[in-house]
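**Q** Use these hints to put chain Y onto chain G, whose structure you have.
There are 2 protein chains.
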Amino acid sequence: MASPPSILSLLLLLLLLNFVITAATISTTNLPSAMARPYPRKHVVRAEGNPRCESWKFAVEVNAAGSWKSVPRPCIAFVRDYFNGDRYLSDSRTVVNYSLTFANSVNMAGKENGRNAWVFDVDETLLSNLPYYRVNGYGSEAYNNTAFNEWVNKGLAPPLPMSLRLYKKLKHLGFKIFLLTGRGESQRNVTQRNLLEAGYFGWDNLIFRGPADEGKKAAVYKSEKRAELVKEGYVIQGSLGDQWSDLIGFALPNRSFKLPNPMYYIP
Amino acid sequence: MASPPSILSLLLLLLLLNFVITAATISTTNLPSAMARPYPRKHVVRAEGNPRCESWKFAVEVNAAGSWKSVPRPCIAFVRDYFNGDRYLSDSRTVVNYSLTFANSVNMAGKENGRNAWVFDVDETLLSNLPYYRVNGYGSEAYNNTAFNEWVNKGLAPPLPMSLRLYKKLKHLGFKIFLLTGRGESQRNVTQRNLLEAGYFGWDNLIFRGPADEGKKAAVYKSEKRAELVKEGYVIQGSLGDQWSDLIGFALPNRSFKLPNPMYYIP
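If you're matching them up, the sequences are chains G and Y in order.
Residues in the first sequence are numbered consecutively from 1, following the working numbering.
Residues in the second sequence are numbered consecutively from 1, following the working numbering.
Hints in this document: simulated from the structure, not taken from any laboratory.
Be aware that one or more of the hints could be misleading.
All copies of an identical chain are treated as equivalent in the list; a pair is satisfied when it fits inside any one copy or across any two copies.
Taking lysine-lysine and the BS3-like style, the derived pairs with C-alpha atoms no more than 30 Å apart in a straight line are [said to hold, decoys possible]:
{"id": "1", "residue 1": "Lys154", "residue 2": "Lys111"}
{"id": "2", "residue 1": "Lys231", "residue 2": "Lys216"}
{"id": "3", "residue 1": "Lys217", "residue 2": "Lys231"}
{"id": "4", "residue 1": "Lys154", "residue 2": "Lys216"}
{"id": "5", "residue 1": "Lys217", "residue 2": "Lys111"}
{"id": "6", "residue 1": "Lys216", "residue 2": "Lys111"}
{"id": "7", "residue 1": "Lys216", "residue 2": "Lys169"}
{"id": "8", "residue 1": "Lys231", "residue 2": "Lys169"}
{"id": "9", "residue 1": "Lys69", "residue 2": "Lys169"}
{"id": "10", "residue 1": "Lys69", "residue 2": "Lys231"}
{"id": "11", "residue 1": "Lys154", "residue 2": "Lys231"}
Chain G extracted, bound-state conformation (with noise of 0.2 Å):
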């Protein structure tokens, strides 16, 4: 049997490793940058979480990043943290809070009285396929067409309960409603099946890439679909997508709202 005081000299020396290792940890999250810069700072605040992942993410979300492919491997961690978590219903939810005080800005009694319309795009804006990208590595990996088609056709996405909320509302208010997805003609049924059992009912039109569309960047595509509405005499005062190619081109709308998706880009 150990004595007291060997039991005491164990514990002592515990309760220094701890101290040792919190003061090593406090030391490190508050060291200051060991580079003078001439940009003029007064008190540094050492970022918290994943600095470098959160400069990825800004730099995908204004469209700094132009084409990727996959998510950088050391931010796989943070891109599934950031579906899993409160931010990206809460990057969301200030979206759809700014859309809904643009909408409700609109007059719909005015000389545009019918004829004001909103574009939806359909993923990762009104549905969500993140229980297709939790199985396949939250956009680690290359898309595969096969795959995620496959996926698509099950016609299980849930909604997003933002968008859902935004669409009803928007409803409510009088807007039409144009769904304008980069999914093809042959996804129609199950594309519709989908969106109405996830809470959407009565869009003006769903649109789907034809044909005539095939090969075509998703911003033109978009774009032209947007003007063959402006041609029919519609107003399109918002529109709600995920991707820069939601935001870019022509017919553009008065307001455009993006939410977040660090997940894929869609050139």
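**A** Just chain Y now, kept in the frame of chain G:
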């Protein structure tokens, strides 16, 4: 003097207390969200930091917030920490790295030899007004034209280090450099001196708002000036700016790169 057993008890208590605190910290950070949501989350990860202000920043950066006059009160400390911490520089570095990747891909010896151009914004792009905003509430106060012009006329704005790096590399690659600022002609001399002292040399033109541009929205003024460059034969390959008015409109560059700015919005 205390006997060894009582020191032992005290140490045991201290050690126990330490473990209890650690365990409590871990359990609150991993607390699952109370609300059940249809959106499928496998394991809930609580957002670190300030999720509401993160989402506000996201909305601002993707232009979902539209025109805004001041940073929301609950996010002032968030914005202060963003600019004083590593995140602003990290986000800027990532955007500049993508800019450089693109710039390096431009064929400088091709038929556009000598006509490849890059457009830079000035405020919060080449120069930082953080010393001004630091003593004026980090964007929490509405824009004060008199006070801001007093600061500009001092000519003391430091360079943003990532932008200076990009500027020098683009010069080295042979790009024609155009600086396109919302500042007025009356600030030409002080702006030139400030830019030179900050380390920017050898631009091809520095374009200010003239009397004919007064009252124009920033995006219109900047589009018109870019269109003049295109008319003169330049091929605007890229641009760097912190505002959406640098990104939208017409005569757009092949690629536009947005720096972060959750401090102010220029309509």
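**Q** Next, verify each hint and record whether it holds.
**A** How the hints compare with the structure:
In this assembly of identical chains, the alpha carbons of Lys154 and Lys111 never lie at most 30 Å apart, being 43 Å within a copy and 51 Å across copies at closest. Taking CA atoms no more than 30 Å apart as the test, Lys231 paired with Lys216 passes in both settings, with 21 Å inside one copy and 29 Å between copies. When the C-alpha separation of Lys217 and Lys231 is checked against a cutoff of 30 Å, the pair qualifies both within a copy, at 21 Å, and between copies, at 27 Å. When the C-alpha separation of Lys154 and Lys216 is checked against a cutoff of 30 Å, the pair qualifies only within one copy, where the shortest distance is 26 Å, while the shortest distance between copies is 52 Å.
Proximity of Lys217 to Lys111 under the C-alpha cut-off of 30 Å is restricted to the inter-copy arrangement: shortest distance 26 Å between copies versus 34 Å within a copy. For the identical chains of this complex, Lys216 and Lys111 are inter-copy neighbours only, at 27 Å across copies versus 35 Å inside a copy, given an alpha-carbon limit of 30 Å. For the identical chains of this complex, Lys216 and Lys169 are neighbours neither inside a copy (33 Å) nor across copies (35 Å), given an alpha-carbon limit of 30 Å. Taking the shortest Cα distances, Lys231 and Lys169 sit within 30 Å of each other inside one copy (26 Å), while across copies they are farther apart (46 Å).
When the C-alpha separation of Lys69 and Lys169 is checked against a cutoff of 30 Å, the pair qualifies only between copies, where the shortest distance is 27 Å, while the shortest distance within a copy is 35 Å. Neither within a single protomer nor between protomers do Lys69 and Lys231 lie at most 30 Å apart by alpha-carbon distance, with minima of 35 Å and 35 Å respectively. When the C-alpha separation of Lys154 and Lys231 is checked against a cutoff of 30 Å, the pair qualifies neither within a copy, at 35 Å, nor between copies, at 53 Å.
Comparing the model with each earlier hint shows violations of hints 1, 7, 10, 11; every other hint is respected.
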